[in-house]
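Q: The lines below spell out each chain.
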Amino acid sequence: MIKAILIFNNHGKPRLIRFYQYFAEDMQQQIIRETFHLVSKRDDNVCNFLEGGSLIGGSDYKLIYRHYATLYFVFCVDSSESELGILDLIQVFVETLDKCFENVCELDLIFHMDKVHYILQEVVMGGMVLETNMNEIVGQVELQNRMEKSEGGLSAAPARAVSAVKNMNLPEIPRNINIGDINIKVPSLSPF
Amino acid sequence: MLGYDVSWAAFNIVEVMSSSKFTYKRIGYLAASQCFHEGTDVIMLTTNQIRKDLSSPNQYDTGVALTGLSCFVTPDLARDLANDIMTLMSHTKPYIRKKAVLIMYKVFLKYPESLRPAFPRLKEKLEDPDPGVQSAAVNVICELARRNPKNYLSLAPLFFKLMTSSTNNWVLIKIIKLFGALTPLEPRLGKKLIEPLTNLIHSTSAMSLLYECVNTVIAVLISLSSGMPNHSASIQLCVQKLRILIEDSDQNLKYLGLLAMSKILKTHPKSVQSHKDLILQCLDDKDESIRLRALDLLYGMVSKKNLMEIVKKLMLHVDKAEGTTYRDELLTKIIDICSQSNYQYITNFEWYISILVELTRLEGTRHGHLIASQMLDVAIRVKAIRGFAVAQMATLLDNAHLLTGNTQRNGICEVLYAAAWICGEFSEHLEDPMQTLEAMLRPKVATLPGHIQAVYVQNAAKLFATVLQKHEGETDSQVAQETSQLLIERLPLFVQSANLEVQERASCIIQLVKYIQKLQQKNVEVADEVTALFAGELNPVAPKAQKKVPIPEGLDLDAWINEPPSESESEDEKPKSKAVFAKEEPKHSRRHTEVDEKELARRREVRKQEQANNPFYIKASPSSQKVFDAPGVEHIPVVQIDLSVPLKVPGMPMSDQYVKLEEERRQKDKADKKKKDKKKKREKRGKGRKADSGPESEEDITPAQQVDIVTEEMPENALPSDDDDKDPNDPHKALDIDLDKPLADSEKLPVRTHRPEVLKSPAEDRENESIPQESKKKSSKEKKEKKKDKEKDRKRSKEEKKKKKKHKEVEEELMESQPEEAVQSEDTKEMAVPPTSAEASDLDFWLSSAPVPPAAQEVTAPSSTAAVDTSSAAAAESEPDEPKDTEPEDTKSSKHKKKKQKKEKEEKEKKKKKRHHHHHHHRHHSDGGGEDSVQNGTVEDEEPLPPMSNYSLLAENSYIKMVYDIQGNHQDESKVVVSVIFENKSDSFLKSMEFNVLDSLNSKLQRPDGAGPHDGLTVPFQLPPGVSNEARFVFTVQSIVMPQKLKGTLTFIVKSEESSTHEKLDFKLHFTCTSYLITTPCYSDAYAKLLESGDLKGSSLRLEGVNMPFHHLLARICFHHHFSVVERIDSCASMYSRSIQGHHVCLLVKTSDQTVTIDAKCDEPSLLGNVLDEIKQTFSKC
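So the protein lines, in turn, are chains A and B.
Here our numbering is used: position 165 in the first sequence is 174, and no number is missing along the way.
Here our numbering is used: position 1043 in the second sequence is 1079, and no number is missing along the way.
Simulated from the structure, these hints should not be mistaken for lab results.
Do not rely on the hints blindly, as some may be mistaken.
Covered by chain B, according to a simulated footprint, are these stretches of chain A (three or more residues, beta-carbon under 8 Å) [unchecked claim]:
no.	segment
1	12-19
2	28-40
3	100-111
In silico BS3-like links for lysine-lysine, alpha-carbon gap of 30 Å or less [what the hints assert, rightly or not]:
no.	chain 1	residue 1	chain 2	residue 2
4	B	K1027	A	K50
5	A	K50	B	K349
6	A	K50	B	K322
7	B	K580	B	K554
8	B	K1100	B	K1125
9	B	K306	B	K57
10	B	K1021	A	K124
11	B	K1186	B	K1100
12	B	K129	A	K108
13	B	K88	A	K158
14	B	K704	B	K341
15	B	K1011	B	K1027
16	B	K1027	B	K1081
17	B	K57	A	K108
18	B	K356	B	K299
19	A	K124	B	K57
20	A	K22	B	K322
21	B	K349	B	K277
22	B	K341	B	K306
23	A	K158	B	K299
24	B	K1197	A	K50
25	B	K1011	B	K129
26	B	K277	B	K369
27	B	K299	A	K50
28	A	K124	B	K88
29	A	K158	B	K57
Where is the CB? At the ideal position from N, CA and C, for every residue including glycine.
Take these sequences, add in the hints, and give me the full structure.
A: Below, the structure is given as structure tokens:
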């Protein structure tokens, strides 16, 4: 079982959070902080497995992560998952993102968080691996997107909802988001 | 969402979820999956919405609902929706099927009652044509089985089949992991697994798969750990592969290699020890995770010889790794390594103590208590070391300021606890107790934690006693008096302590000392009395001792101690007991004090009397001490410390000096030994014999000190019990459900009975669907019921048979000359039964045969080879490793024992039998066929079926005989597997067999890459005389509607003692249409739909003069033609099968008075025609 999937950037800003077990929000924040702390201090050329996230689960759990350019992809899994298998799954996931967004970068994850979630939903469901074949995943995601398009997409949202979003009192969003080298360079790894 | 609370939007989310547009619905479900949980109250509003979405005609609505639900399913939702999800498991779209299968796991977790009703369907999905669905089902079952493996043992054959046939690495990894969990429960399974796993290890290029295989092989080896000497090859293979992983430049592989290595270490430390160099190298790796894993391994690397060296290396690391958690890990590891298995590897405890003392110099470690407990343990249990330990501890106490000076070092001050206690308890060894006492009473001590202060105070008193004892004889009692004075001066500091324990002890002792001081001034000798306060030794007590104290016989804790109060009395009592807490109390207590002294004395006397008579009263006699003073403890020679070496080597840490010492000592020992050896040699030379002086072995190293390691104390006749450490709150515990039991009525899933908005067309559709399904459920239940009855019958007959068998065995022993015949006849009997066998015994059966090449579905030995088969099956049972198996039934095991005895007698026989070894899978397959037909519900036997076989003769000459069977493959629609059994009939050795077939346009033999189209395939084995073995050949076929014949040749070399000749044998492979069919279960609802669809074309067949029971007839069709029974009503049955290319074949079989009519439908008329012809042929034969 996969217990959580976290994606955050080099500064620890979460970009995608997916817990398959309920944690209260403050606990979630703590987990993200702890995980970032553990992962960020590791060199790029050390192994991708980590034990001892004390907040999630016990000794049965492992953190398996990959670092792509500005983003860390971290999976927290228990012992029923194969370590190398999960590493490969991360690669499949990132390659799928790359395919769906065409050169995926951190900004894609920020502005299309929903789409990233939809893609993830085709890979992992309820903590269990659903599909590992990239073509199949991309195919399903595209079919669903086509369906969304045929419905007119979000632009056809009722006016009430649009105005509600516009009037929402959000803290000021910075205009210039400077992220630097943002492209996630997906290295082509040999299939597992 | 993203770590922020959005619960305020919960209701809006529900609104969006119920939107009719997919775009919004998807967003709604996504939001819900992110923030809903069991505590969300609006979740109960969603039940109907989700149900509607699940049954939506749009597959993506359903998919989105399933995905969402998987994240927030609650027990209520699970209960209400379980049935809907179960229906979705047989949805037409694989996309929905796989999601439905996966979510079932979540449903099981929340609503365990659903597991049993849903399980048959889940199991069926293991053989789903879509690989995604299959993988999902494997995933779910593996997840379930990981928690409660024993319930899933019966699935092992199925998984075994999947493992040998699947090519999907994900599925393989999961299955192999699952087997890793199953093998500890069933050692026989492990034996069966070893071979295919080793093959996989050799063949796979995927590292992940390789790693998991190695892991499972390790698990198997652990489960087999005792016995099985011939698996050293497997261990070597594993270790060798792991070494490759560890040496890899990829850090991930290195890490995993070390991880797996540590698993081998537990059972086969020797094979790991040879890689010590590699592991020590990993200790220097820059990656902390890898260093930690390497540390784990070190644990098993140590021996008496290298312990000091390894620890020295670790100590260097400790110095380097300042201020990290890694250092703490190192520290615990050092202690673990040294203390493992009762200090087995420590030859010099002085060295160990000094290591511990060195470790106390670490700054900021959290493990002070660990060091402390080690110090205590060693000092208590190793008597010989006490003198040295006390000296070291006294120094520690003296330099306590070094340890406590920094607030950061708080963890380490725990060591002082141990130091103080050791100095106090073994103060007789102290050189200068006065100085230590002074050190313990420094004002600075008051800054230590309370529990340490308490120990200080208590042990100060002990030291005081020692000082008194020492100086009392002297005429000048100055020292003793000074000591008392010191205590009286310093102790008030502790009396003011905030810690109650310290305060209490200090007050007690200060009063005591004051009293003693008075006596001293009167020149009364008090030393003996004061020492008596601390007399007796404190023994180490095993941590579990208290738990293991047996309940004394006759002790009933629930029984009344006094006469139970009568009714009326208890009424009286009530107000009284209330009053205890109220006003009446003072009066009550005063009355007590009024009782006069005489009365008290009398009562005491009576009580003593009672106690003396009461066998359960624990008396003051020191019975525990008796254990300690067991004979042999005292007269162990006491240490002689070699004092010729100076105690401190300048510039070198203390412990190092011991390493040097040790080396010198060993050398000296060696020299001594050599001298002795030489002497011996000289003596022996006269006799002309050489004594070998091999390299220094483990036993040669004599410990520097004869130590007596006191074992921990346990109560007499302690109960040998293992603790059940299972977490009672584990949600998986609820899923510990026996899945083989038939379903009871009460276990049906709740089905919604009324629905207000049913009139829409999709809903109606669903209703139609659910009706046949329910009827099906019922019928399947009935079948199961029947099956159970059958099982009972079978058990009964089995028992009878066993009695007979026993009888036979006796006979066997009598007529040793023809034991094989006896076994044979006994076995033919069993042969007749397998089709009726129930699943559990099938598993036994499946397991009882030794490793088999990749499993086929239905095979039985042809009648001509039956004789060989049966005897070979017998041989399989008397395989040498068989008796070790744990059979559930006593009778069986006793049978095995007998066999063992028999075996010993028949050493010569064994060889003969072994030759048949390769045969026995026939029997296994025949049984597999029987199992299949039972599962499909075909056989409702009133009488057992005759044995059946699908193997038919391929060709035969005087040297060799070939029989073959053809099976389709689920995974690949254009491939069939031909299994050929080669049997050597001659007295010569057959080798270099080559199998070649003349390909037709339609069917081709699959040859390895690079081979020409006319090259033959080498058969991968040789045949000694009388042996047979099976090989498989894969053929690709294009069209499957027509039967075909392929010509082929087998060439081989016959090698007898004097000559070898080339021989060849021609044969014709007959591909029947039947061989393209695969037994596929089908539910009646789907079957009805299929027939209604109108895509199928019909045909029919009439058979006259068939006089066999209807169920035999069905079983034959099932077995020989790969059909499964969908439904049977009296003398009418519907059957189903599928071709490898997905053609559906449906049969309706009716019988009346020896006439059988078969109406058949299929989407490919020519295929159908041919299949019917073949069925006709089958029945014309008999």
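Q: Confirm or reject each hint.
A: Hint-by-hint comparison with the structure:
Evaluation of the coverage hint for the segment 12-19 of chain A: breached, as 0 residues show C-beta separations to chain B shorter than 8 Å, against a requirement of three. Coverage of the segment 28-40 of chain A by chain B holds. Counting CB-CB distances below 8 Å, 5 residues qualify, and the rule asks for three or more. As drawn, the segment 100-111 of chain A meets chain B at 0 residues by the rule of a beta-carbon pair under 8 Å; below three, the given contact is violated. Only pairs whose Cα atoms come within 30 Å are accepted, and K1027 (chain B) paired with K50 (chain A) is rejected, the gap being roughly 62 Å.
Simply put, K50 (chain A) and K349 (chain B) have alpha-carbon atoms about 26 Å apart, close enough for the 30 Å limit, and the pair holds. At roughly 13 Å between alpha-carbon atoms, K50 (chain A) and K322 (chain B) fall within 30 Å of each other, so this suggested pair holds. Taking the CA atoms of K580 (chain B) and K554 (chain B), the gap is about 45 Å. The hint is violated against a cut of 30 Å. For the suggested pair K1100 (chain B) and K1125 (chain B), the alpha carbons sit about 52 Å apart, so the restraint of at most 30 Å is broken.
Under the criterion of a C-alpha separation no larger than 30 Å, the hint pairing K306 (chain B) with K57 (chain B) is inconsistent with the structure, at around 66 Å. Proposed proximity of K1021 (chain B) and K124 (chain A) is contradicted: the alpha carbons are some 68 Å apart, above 30 Å. Between K1186 (chain B) and K1100 (chain B) the alpha-carbon distance is near 47 Å, which puts this suggested pair outside the 30 Å criterion. As the CA atoms of K129 (chain B) and K108 (chain A) are separated by approximately 25 Å, the hinted pair is consistent with the 30 Å bound.
Simply put, K88 (chain B) and K158 (chain A) have alpha-carbon atoms about 23 Å apart, close enough for the 30 Å limit, and the pair holds. Between K704 (chain B) and K341 (chain B), the direct Cα distance comes to roughly 15 Å. Compliance with the 30 Å bound is thereby established for this hinted pair. Distance hint between K1011 (chain B) and K1027 (chain B) is fulfilled; the C-alpha atoms sit about 28 Å from each other, no more than 30 Å. With a CA separation close to 27 Å, the supplied pair K1027 (chain B) and K1081 (chain B) stays within the 30 Å bound.
For the hint pairing K57 (chain B) with K108 (chain A), the CA-to-CA distance comes to about 26 Å; that is within 30 Å, so the pair holds. This hinted pair checks out: K356 (chain B) and K299 (chain B) have alpha carbons roughly 29 Å apart, not beyond 30 Å. At roughly 17 Å between alpha-carbon atoms, K124 (chain A) and K57 (chain B) fall within 30 Å of each other, so this suggested pair holds. This hinted pair checks out: K22 (chain A) and K322 (chain B) have alpha carbons roughly 28 Å apart, not beyond 30 Å.
Pair hint K349 (chain B) plus K277 (chain B) holds up; C-alpha atoms about 27 Å apart against a cutoff of 30 Å. The suggested pairing of K341 (chain B) with K306 (chain B) holds, with an alpha-carbon distance near 14 Å, which does not exceed 30 Å. With a C-alpha separation of about 54 Å, the suggested pairing of K158 (chain A) with K299 (chain B) is violated against the 30 Å cut-off. Between K1197 (chain B) and K50 (chain A) the CA atoms are separated by roughly 67 Å; this puts the pair beyond 30 Å, and the hint is violated.
Pair hint K1011 (chain B) plus K129 (chain B) holds up; C-alpha atoms about 25 Å apart against a cutoff of 30 Å. Note on K277 (chain B) and K369 (chain B): the hinted pairing holds, with a Cα-Cα distance of about 26 Å set against a maximum of 30 Å. A distance of roughly 29 Å separates the Cα atoms of K299 (chain B) and K50 (chain A); the hinted pair therefore holds under the 30 Å criterion. A threshold of 30 Å between alpha carbons decides the hint, and for K124 (chain A) with K88 (chain B) the separation of about 24 Å falls inside it, so the pair holds.
Taken as a hint, the K158 (chain A) and K57 (chain B) pair is honoured in the structure, with Cα atoms around 11 Å apart against an allowance of 30 Å.
The earlier numbered hints that this structure contradicts are 1, 3, 4, 7, 8, 9, 10, 11, 23 and 24.
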